[in-house]
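Visitor: For reference, the chains in residue letters:
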Amino acid sequence: MSSVLTANSPIGAAPLKSRQPGKRAASWGGLASLGKYREIIIAVALFLLFDLGVLVLNFYTSFKIDQDTVAINLSGRQRYVSQRVARTLLELDAMRTAGLAYKPETLAELRNGTKIFQMSHVAFREGGTIPGGDGKPVYLEPVVSERGRALEDKVEALWRPYYELLQPLMRNDDFAPGQLAAALTYSQANNIKLLGVANDFVTETQQIGASRASVLRMVQTGGIILALLNFAFILFKFLRRLTTSDAAIEAANEENREILTSVREGLFLLTPEHQLGSQLSSSAHDLFGKTLAPGQDFFELLSPLVSEKALKDAQDYVELLFSPHVKEKLIQGINPLAEVELTVKNRLGQNTARYLSFYFNRVQDGGTVRHLLVTVQDITQKVELKAKLSDERQRSQKELSMMLKAFETDPAMMRMFVERAEVSLLEVNDLLRSTSSATSETQVLKAVDGAYRRIHAIKGDASSMGLEILASLAHQFESELQKLKDSGAATGEALLALPLPLEDLLSKVAAFKKLSQNRSASPALPSPESVLQGLNASLAKLAGDVAVDCGKRVNATVRMGSALDMPADKMDLVREVAVQLVRNAVVHGVEAPLTRLACNKAAEGQVEVNLGRDEGGQWLLSVRDDGAGLDPVHVRRRLLELKWYTAEQLESFSDKQIASQIFKPGFSTAQAASQHAGRGVGLDLVQSNVQRLGARLLLSSNPGQHTEFKIYFAA
Amino acid sequence: MATLNETDLKLFVDSIRTYLKVTTRQEPQITSAFLGTEDLEGFEFNGIVTFSGSHNGHVVVSMPARLVREILLLQHETDLRDSNLLDAVGEIANTLAGNARKSLGSELDISVPVKVQGLNSIKARVRKHPYVITLRWNHYEAMVCVDMDRRH
Numbered sequence: 001m002s003s004v005l006t007a008n009s010p011i012g013a014a015p016l017k018s019r020q021p022g023k024r025a026a027s028w029g030g031l032a033s034l035g036k037y038r039e040i041i042i043a044v045a046l047f048l049l050f051d052l053g054v055l056v057l058n059f060y061t062s063f064k065i066d067q068d069t070v071a072i073n074l075s076g077r078q079r080y081v082s083q084r085v086a087r088t089l090l091e092l093d094a095m096r097t098a099g100l101a102y103k104p105e106t107l108a109e110l111r112n113g114t115k116i117f118q119m120s121h122v123a124f125r126e127g128g129t130i131p132g133g134d135g136k137p138v139y140l141e142p143v144v145s146e147r148g149r150a151l152e153d154k155v156e157a158l159w160r161p162y163y164e165l166l167q168p169l170m171r172n173d174d175f176a177p178g179q180l181a182a183a184l185t186y187s188q189a190n191n192i193k194l195l196g197v198a199n200d201f202v203t204e205t206q207q208i209g210a211s212r213a214s215v216l217r218m219v220q221t222g223g224i225i226l227a228l229l230n231f232a233f234i235l236f237k238f239l240r241r242l243t244t245s246d247a248a249i250e251a252a253n254e255e256n257r258e259i260l261t262s263v264r265e266g267l268f269l270l271t272p273e274h275q276l277g278s279q280l281s282s283s284a285h286d287l288f289g290k291t292l293a294p295g296q297d298f299f300e301l302l303s304p305l306v307s308e309k310a311l312k313d314a315q316d317y318v319e320l321l322f323s324p325h326v327k328e329k330l331i332q333g334i335n336p337l338a339e340v341e342l343t344v345k346n347r348l349g350q351n352t353a354r355y356l357s358f359y360f361n362r363v364q365d366g367g368t369v370r371h372l373l374v375t376v377q378d379i380t381q382k383v384e385l386k387a388k389l390s391d392e393r394q395r396s397q398k399e400l401s402m403m404l405k406a407f408e409t410d411p412a413m414m415r416m417f418v419e420r421a422e423v424s425l426l427e428v429n430d431l432l433r434s435t436s437s438a439t440s441e442t443q444v445l446k447a448v449d450g451a452y453r454r455i456h457a458i459k460g461d462a463s464s465m466g467l468e469i470l471a472s473l474a475h476q477f478e479s480e481l482q483k484l485k486d487s488g489a490a491t492g493e494a495l496l497a498l499p500l501p502l503e504d505l506l507s508k509v510a511a512f513k514k515l516s517q518n519r520s521a522s523p524a525l526p527s528p529e530s531v532l533q534g535l536n537a538s539l540a541k542l543a544g545d546v547a548v549d550c551g552k553r554v555n556a557t558v559r560m561g562s563a564l565d566m567p568a569d570k571m572d573l574v575r576e577v578a579v580q581l582v583r584n585a586v587v588h589g590v591e592a593p594l595t596r597l598a599c600n601k602a603a604e605g606q607v608e609v610n611l612g613r614d615e616g617g618q619w620l621l622s623v624r625d626d627g628a629g630l631d632p633v634h635v636r637r638r639l640l641e642l643k644w645y646t647a648e649q650l651e652s653f654s655d656k657q658i659a660s661q662i663f664k665p666g667f668s669t670a671q672a673a674s675q676h677a678g679r680g681v682g683l684d685l686v687q688s689n690v691q692r693l694g695a696r697l698l699l700s701s702n703p704g705q706h707t708e709f710k711i712y713f714a715a
Numbered sequence: 001m002a003t004l005n006e007t008d009l010k011l012f013v014d015s016i017r018t019y020l021k022v023t024t025r026q027e028p029q030i031t032s033a034f035l036g037t038e039d040l041e042g043f044e045f046n047g048i049v050t051f052s053g054s055h056n057g058h059v060v061v062s063m064p065a066r067l068v069r070e071i072l073l074l075q076h077e078t079d080l081r082d083s084n085l086l087d088a089v090g091e092i093a094n095t096l097a098g099n100a101r102k103s104l105g106s107e108l109d110i111s112v113p114v115k116v117q118g119l120n121s122i123k124a125r126v127r128k129h130p131y132v133i134t135l136r137w138n139h140y141e142a143m144v145c146v147d148m149d150r151r152h
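These protein sequence lines map, in sequence, to chains G and Z. Numbering follows full-length UniProt numbering, in which position 24 of the first sequence is assigned residue number 24; successive positions increment by one, without gaps. Numbering follows full-length UniProt numbering, in which position 73 of the second sequence is assigned residue number 73; successive positions increment by one, without gaps.
Careful: at least some of the hints might be erroneous.
Simulated coverage check for chain Z against chain G, where a stretch passes if three residues somewhere in it have a Cβ under 8 Å from a Cβ of chain G [as the list claims (entries may be wrong)]:
1. 7-18
2. 23-31
For lysine-lysine, the following DSS-like pairs were computed, each having C-alpha atoms within a straight-line distance of at most 25 Å [to be verified]:
3. G:485 to Z:10
4. G:483 to Z:10
5. G:514 to Z:128
Since the hints were made in silico from the structure, they are not lab data. Here the structure is a predicted model, which means the values were calculated and not measured. Where a beta carbon is used, it is the ideal one built from N, C-alpha and C, also for glycine.
Turn these sequences into a full structure, and let the hints steer you where they fit.
Guide: What follows is the structure, given as C-alpha cells:
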C-alpha cells in the first residue's frame, strides 16, 4: 500500500514531519536494509555451501566406491585366477602322466593366470595400472586397511614361493617335469590356504566398499539435515521478520488512519499532475461539502467553488511550488487560497457561506518536488470574528463620532429630540405589549405596522439630527419588523426578536438624554427662535445628506416660520411628516444630475418646504420638488409586480386612484430597501400622521416637472 | 456587561413551551415580547430562578391559578390545592433552570427555584428594562420575565 504518511519509516514514527533530504536518507536506507537482511544472506550462503559440500563429497565418495567395486572385482578375479592356476597345473600334470604333449592353451592359461595374479597382487600392495575385467587398463589403489595389509602379507607369503616355482613354467614350453611337479606339489599343499586368504581378501574389499557407502550415506544424511536446519532457520527468521514488519506497517497504517479520520483539517497530497493523492482525511470531504475521490483533479474540484481569477492564480501558485528552484518560504505570502469563500450545503440542504484556507507544503525527494501536502482549514469562525470585530470597531467609531456630533448639536434641539424619541419608543413598546391581548392576526399586524411607523419616524428624526447610529439602529429594527411582516404570521418566535433592538435604541436615547441634561445645566427652555432655526437647518441638512447618499444634488429651502405658534404635540406630528416628505422628495422626486441635465434642468434639484397658514387660517404644510413627478405608469407597473392588483383591475383605476396607492404600507417603487427608502413606510407614516392631525392631504404632480404634497389642518 | 440575545430569550421560552407540550400535548403561543418599563403585574403563581456566575439576574415564570390547575388536571392530578399548584410552577421553573444550565455553560450558578404565591408586582432588578414575554395556552395567559445579564 502506498501510504501518504509512512514514507520510509516502517513504524511510521513522526509520519507528518517532512523527510530527511533525499540522498542521505537513501544511503542510510540502503545500509539499513543490508544490515536488516545480513543474517538471512549468511544463512542462504551457508545453505548453498552445505549443499555444495555434500555434492563434492558425494562425487568423491562415488568415485571411491567405483574404485572399491574395481578392487572387489579384481580381488574376486585374483581368487578365481589362483584356482585356475592350480587347475591348469593339475591338467598339465595329467598330460605329462599320460605322456601327452602339453596343450598350448592350457599353458597360456597358466601363464596368463600367473601374470594376472602377480600384477594384481603387486597393484593391491603398491598401487598400479592393470588390465581390468574387460581387458582395459584400470588403476588400482594399494590396500591401506590394516586387515587388508595383513591379508596381502599372507598372500605374499604364500604366493612368493609359488610364483618362484612357476617361473620355469612361464619362460618356455620345455620345462622339466620336476619343475612342474614342484609347482604342483606347492600348489596342492597351499592352494586351500591361498584360496582362504583370497576369499578373506575379497570379503575385506567388500567391507571397505560397504563402509565407504555407509560413510556416504552418513555424509548425505548429515548434509541434508544441516541444509534442512538451515532452511528452517531461514524460514523462521524470515517469517519472524515479515510478521514484525507487517505488524509495524499495520500499526503505522492504523495510526495514519486514526490521524486521517480524526484530524480536523483536510489533508491530502497533490501530485504534479494536480490530482488528489490516495489518502484523504475524513474532514476533507466535510470541508468541501461533498465526497472527494482519490485521483480527482484538484482544480476541477475548485473551479465551481472559486472565481475564475482565483482559480487561475491558484494554478500558477501550485506550478510555482512544483518548481524546485523557487524558494517555498518566499512565495508562501502570495498564496491566493489563504482565504476562500465557498457556498456549500449544510446538513439541512441549505446554502451556507464557508471560508476555507488552503496551505501547500512541498514534499521533496532530493531536488525534485514529489508532492504538495495540502492542508485545508475551516476559518469561517475566524473570518466572521474578524468581520464582527471590524463591525464593532466601526460601530464604536460611529458612536464616538455621534457623541461628538451630539456635542455640536444645539443642546435644546437635542433635548427635544431625545424626549420625542423616548416617548416614541415607549409607544412602540406599548404597541408590542398590546399584541398579547390581540384577538386576531390582523390586530397584531396592525400593531406591528404602528410600531413600524413610529420607528420610521424616529429614523427620519435621527437622520435629520445627523445621529446616524440611531438611524441605523432604527433601520435594523425596521428590518426585524419587516421580517415579521414578510413571514405572514405575526405571532410566535419572531416576536422574540423585537425587544432587543428596542432596548438598544432606548438605552442609546437614554445616553443622549443624559448628555443633553448635563450640557444644558440651565433648566431654561431654549429660545423659540433657536428652535425654529434648528428645525429649518436640520430639515435642509437632511435633504442634503440624503441627496449625497443617493448621488444627487439638492438645494432645500425650508421655511417653517409659523411652527412657533403650534402646540408641541401637533408640531411633532408635522415635523415627522415634513421629514418623511423631504426624504421622499429627494429619493423619489429629484432626478440624478445627468438625467436632469438631459431634460434641460439644472443639475441641482430644488426642494421647498413651507409651513404657514392659508387665507382661511388653516395650517398648511407643503413640500415641493422640481423632480420627475409621479408617474402613474411606473406606479401601475410596481403594483403589478407587488401582485396587489391584477392587470385588469389596474387598468380600471383612474390615475388618481393609482396615486393614492403610494400611501399604503409596504408600497415603494425602490427595488431594494436602503436606509433612506424602499420599505414603503414613509408615506404610510405621513398618512397616519395626517389622520392624527385630522388633516387633508393633497397631492399634485406634473410629470417631468414637479411633485407637491400639501397638508391642510385646523389650527 | 454583554447583553442577552434572541437565542437566550428563546431558550427560556422554549423550556416552558416544551414543558407544556410534553405534559399537556398542547403548545403555547408566544403572544408578545416587550420591555418592562415599569413594575409588571404578574399572576398568582410564580416560580423564580436566580442566576449568578457567568450571568446575573433572575427569570420569573408567572401563571394564573386557572392555567396551573388545568395543567394539573391534564396530568390526571386530583390534588388542586394551592400548595400543589405552587409546586407545579416550581417544577416548570426547575425545568427552565435545567435547560439554562445545559445551554449557558458550566460557569453558570443556578439557584433552587423559589415559589411565590400572590406576587403583587415584578420589579426590575438587574436590567433597566427586563424582557417580558407573554404566552397563551388554552386561552390562558402566562408570562416570563427575563431580568438578567451576561457578565462576560
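Visitor: Compare the structure with each hint and give your call.
Guide: We went through each hint and held it up to the structure:
1. Counting residues of the segment 7-18 of chain Z whose beta-carbon sits less than 8 Å from any beta-carbon of chain G gives 3, enough to reach three: the coverage restraint holds.
2. For the segment 23-31 of chain Z, the stated coverage by chain G is satisfied: 3 residues place a CB nearer than 8 Å to a CB of that chain, which reaches the threshold of 3.
3. Between residue 485 of chain G and residue 10 of chain Z, the direct Cα distance comes to roughly 20 Å. Compliance with the 25 Å bound is thereby established for this hinted pair.
4. Only pairs whose Cα atoms come within 25 Å are accepted, and residue 483 of chain G paired with residue 10 of chain Z is accepted, the gap being roughly 17 Å.
5. Between residue 514 of chain G and residue 128 of chain Z the alpha-carbon distance is near 15 Å, which keeps this suggested pair within the 25 Å criterion.
Hint violations for this structure: none, all hints satisfied.
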